[in-house]
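So the sequence lines, in the order shown, correspond to chains C and Y. One point on numbering: in the working numbering, the residue at position 9 of the first sequence is 17, and numbering is uninterrupted. One point on numbering: in the working numbering, the residue at position 132 of the second sequence is 140, and numbering is uninterrupted.
Please note that the accuracy of each hint is not assured.
[Stated by the list, open to error] Only some residues are given here: those of chain C computed to face chain Y with a beta carbon under 7 Å:
#, residue
1, S67
2, L123
3, P126
4, G127
5, Y130
6, E137
7, H138
8, Q159
9, R161
10, E166
11, G178
12, S193
[To be verified] Computed footprint of chain C on chain Y, listed as stretches where at least three residues anywhere in the stretch have a Cβ under 8 Å from a Cβ of chain C:
#, stretch
13, 34-44
14, 72-81
15, 203-212
Derived from the structure by calculation, the hints contain no laboratory data. In this text, a Cβ means the ideal position worked out from N, Cα and C, and glycines have one as well.
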Amino acid sequence: MIALLLALGCRPEPEACVPPVVLAASDLQHALTELGELYRQRVGCAPLLSFGSTGAYTSQIEQGARADLFFAANASFIDRLQSQALLHEDSRMVYGTGRLVLVGSAAPPPSLASLTDPGIRYLAIANPEHAPYGLAAQQALQASGLWEEVQPRLVRGENIAQTWQLVQTGNADAGIVALSLVVESTPYTLIDSSLHEPLVQVAAVPRSAEHPQAGRDFLAFVMAPEGRAVLQRYGFGP
Amino acid sequence: MLDLMLRSLLIAGLASLAVVAVGVPFARLLARRRGLWAELLSTLVLLPMILPPTVLGYVLLLLIGRGSPVGQTWEALTGSPLVFTPAAAVLAAFVAALPFLVRAAQSAFEQIDPHFEDVARTLGRTELDIFLRVSIPLARRGIVGGAALAFARAMGEFGATAMIAGSIPGRTQTASLAVYDAVQAGRTADAGLIALLLALLSASILFAVGRTGAR
Numbered sequence: 009m010i011a012l013l014l015a016l017g018c019r020p021e022p023e024a025c026v027p028p029v030v031l032a033a034s035d036l037q038h039a040l041t042e043l044g045e046l047y048r049q050r051v052g053c054a055p056l057l058s059f060g061s062t063g064a065y066t067s068q069i070e071q072g073a074r075a076d077l078f079f080a081a082n083a084s085f086i087d088r089l090q091s092q093a094l095l096h097e098d099s100r101m102v103y104g105t106g107r108l109v110l111v112g113s114a115a116p117p118p119s120l121a122s123l124t125d126p127g128i129r130y131l132a133i134a135n136p137e138h139a140p141y142g143l144a145a146q147q148a149l150q151a152s153g154l155w156e157e158v159q160p161r162l163v164r165g166e167n168i169a170q171t172w173q174l175v176q177t178g179n180a181d182a183g184i185v186a187l188s189l190v191v192e193s194t195p196y197t198l199i200d201s202s203l204h205e206p207l208v209q210v211a212a213v214p215r216s217a218e219h220p221q222a223g224r225d226f227l228a229f230v231m232a233p234e235g236r237a238v239l240q241r242y243g244f245g246p
Numbered sequence: 009m010l011d012l013m014l015r016s017l018l019i020a021g022l023a024s025l026a027v028v029a030v031g032v033p034f035a036r037l038l039a040r041r042r043g044l045w046a047e048l049l050s051t052l053v054l055l056p057m058i059l060p061p062t063v064l065g066y067v068l069l070l071l072i073g074r075g076s077p078v079g080q081t082w083e084a085l086t087g088s089p090l091v092f093t094p095a096a097a098v099l100a101a102f103v104a105a106l107p108f109l110v111r112a113a114q115s116a117f118e119q120i121d122p123h124f125e126d127v128a129r130t131l132g133r134t135e136l137d138i139f140l141r142v143s144i145p146l147a148r149r150g151i152v153g154g155a156a157l158a159f160a161r162a163m164g165e166f167g168a169t170a171m172i173a174g175s176i177p178g179r180t181q182t183a184s185l186a187v188y189d190a191v192q193a194g195r196t197a198d199a200g201l202i203a204l205l206l207a208l209l210s211a212s213i214l215f216a217v218g219r220t221g222a223r
């Protein structure tokens, strides 16, 4: 009897949901914000989302930044962290494939070749040095033989969201950005994905995580059918 | 590397000159005025210190961008847009650095004994003459100190510059932007070298300014 009472008394409370700290590539801005809200409705706590450049976050994690989950816009950055044993390797998952699109401050340019039109004074891309979409944009321009010609028109955003702002405010006439940022709001021209290395989007839980299980739980939610459907709606390929 | 440093120096130098040219008269004006408008202006000038740099950059992008009246006037006059040019980098550095000079110079002007200026007035000097020959020399230390701070801020300016100057290598990329890009790209050796040069260059200029200004 006493044992039973003790057992009842000690029964742990239904576990409180720990909100995971999430660092994410800025192409996920819209999709992950919606998923975070869904997570709050289903599980009871909203993840703490920060968006920025994948390269910037990779450097920060290398310097010991604490995050429970990291969504990178390209697998190579996850590889870089993994080679330094900074990730829980079994948590690594591909959550989608990114697509590049052409957008314009007026109508979207109909093709990459039309970027050499005299009407296009400035072409915005993300910084190819550390933003995966910027590197892919450079590859696509190179593969089309346009890289040299568009050089004088290039301006570089620090990440893909800022690149999109340069076009949105009308300061760049055209831009190459992530489909996931514009799919719901703007006309765009899809860029043939065979022109660049695939933008394999990978997420993983860093070893620095304070609450690795919270990170894993949120990632599992994103990878479940409901989460995948949201990602798909924002233009992420399988 | 050399041209990166020279470009940074030129952008920060021009911005600092403009800061002194605009900021000193402005500080003098604020120093002796009281009332709602003076207080409002004093506060407004500090805004760039309060706003996060990228927000400041976004605001500037809207204010001087190609869709704005300022941007369109500039484009009509010069034939090319203001954004994404070295001039835009100078403007970003100017806006970010201005508050530092204005605050320092304003309090230096406020501490001048008004009798000196009044004596000059009884001697029949014009207000401009008094400003140049009495007020400025008396406030010199505050002005030089503020100018040094403004220059340091202009050298380090990053967020707004990235936004309205576009970080174009060889054209609008400053040393501060190059350090950031190098860190993000994992080129830590490059980043360290540029940061070291930037620090040495700025420190020696500030030291020289301090020595001559104090005399």
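Right, here's what the structure says about each hint:
A hinted interface residue such as C/S67 counts as satisfied when its beta carbon comes closer than 7 Å to some beta carbon of chain Y; here the least separation is about 6 Å, so the hint holds. Because the closest C-beta pair between C/L123 and chain Y is about 16 Å apart, greater than 7 Å, the hint is violated. A distance limit of 7 Å between C-beta atoms decides the matter here; for C/P126 the minimum to chain Y is near 13 Å, and the interface restraint is violated. Residue-level restraint check for C/G127 is violated (minimum Cβ-Cβ distance to chain Y is 13 Å; threshold 7 Å).
Using the Cβ-Cβ criterion of 7 Å, the hint placing C/Y130 at the interface with chain Y is satisfied: the shortest such distance is roughly 6 Å. Checking C/E137 against chain Y: minimum C-beta separation of about 4 Å stays under 7 Å; hint holds. Hint status for C/H138: holds, given a least beta-carbon distance of 4 Å to chain Y, under 7 Å. Look at C/Q159: its Cβ only gets to about 10 Å from chain Y, farther than 7 Å, so that hint breaks.
Interface restraint check: C/R161 against chain Y, minimum CB-CB distance 10 Å, threshold 7 Å, status violated. At a threshold of 7 Å, the smallest CB-CB gap from C/E166 to chain Y is about 6 Å, leaving the interface hint in force. Hint status for C/G178 relative to chain Y: holds, with the closest Cβ pair at about 4 Å, below 7 Å. The criterion of a C-beta within 7 Å of any C-beta in chain Y is not met by C/S193, whose closest approach is roughly 18 Å, and the hint is violated.
With 0 residues bearing a CB less than 8 Å from a CB of chain C, the stretch 34-44 of chain Y misses the requirement of three and the coverage assertion fails. Counting residues of the stretch 72-81 of chain Y whose beta carbon lies closer than 8 Å to any beta carbon of chain C gives 3, which meets the minimum of three for the stated coverage. With 0 residues carrying a beta carbon less than 8 Å from a beta carbon of chain C, the stretch 203-212 of chain Y misses the three-residue requirement, and the given coverage is violated.
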